[in-house]
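Asker: Counting from 1 along the sequence shown, just add 31 to a position and that's the residue number in this note's numbering.
Simulated from the structure, these hints should not be mistaken for lab results. One or more of the hints may lead you astray.
Ranges of calculated distance between the beta carbons of each label pair, as one might list FRET restraints [stated by the list, open to error]:
1. 76 <-> 47: 12 to 22 Å
2. 90 <-> 48: 32 to 42 Å
3. 78 <-> 49: 13 to 23 Å
4. 81 <-> 52: 28 to 38 Å
5. 44 <-> 94: 24 to 34 Å
6. 92 <-> 45: 31 to 41 Å
7. 68 <-> 92: 19 to 29 Å
Glycine is no exception: its CB is placed at the ideal position from the N, C-alpha and C atoms.
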Amino acid sequence: MTSSEGSPAVAPGPLQGMRVLEFSQIIAGPLAGTVLADLVAVVIKIEPPGGEGSRAAAGVVAGTSKMF
Numbered sequence: 032m033t034s035s036e037g038s039p040a041v042a043p044g045p046l047q048g049m050r051v052l053e054f055s056q057i058i059a060g061p062l063a064g065t066v067l068a069d070l071v072a073v074v075i076k077i078e079p080p081g082g083e084g085s086r087a088a089a090g091v092v093a094g095t096s097k098m099f
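Kindly generate the complete structure, drawing on both the sequences and the hints.
Answerer: Laid out in structure tokens, this is it:
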């Protein structure tokens, strides 16, 4: 499949147009949000003040969790 400009067209994802509010924490829940985003849903992650608990679990380098 190609677009009119000759570049490959991107097929719509199965969840295109869906919006997901993700309130989950600790590995399995956020992973599910990632899978939904891979299926082209718009995922908005809602975290408590100070961030999700797993952000500090793996250690922090330069102000960013190693998990992210």
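Asker: Hint by hint, say whether it matches the structure.
Answerer: Hint check results:
1. 76 <-> 47: 12 to 22 Å: Since the Cβ atoms of residue 76 and residue 47 sit about 19 Å apart, the hinted range of 12 to 22 Å holds.
2. 90 <-> 48: 32 to 42 Å: Because 38 Å falls inside the window, the suggested range holds.
3. 78 <-> 49: 13 to 23 Å: Holds - the Cβ-Cβ distance for residue 78 and residue 49, about 21 Å, lies within 13 to 23 Å.
4. 81 <-> 52: 28 to 38 Å: Violated: the Cβ-Cβ distance is about 19 Å, outside 28 to 38 Å.
5. 44 <-> 94: 24 to 34 Å: Hint holds: Cβ distance 32 Å, inside 24 to 34 Å.
6. 92 <-> 45: 31 to 41 Å: Given range 31 to 41 Å: holds, Cβ gap about 36 Å.
7. 68 <-> 92: 19 to 29 Å: At roughly 24 Å between Cβ atoms, residue 92 and residue 68 fall inside 19 to 29 Å, so the hint holds.
In summary, the one numbered hint that this structure violates is 4.
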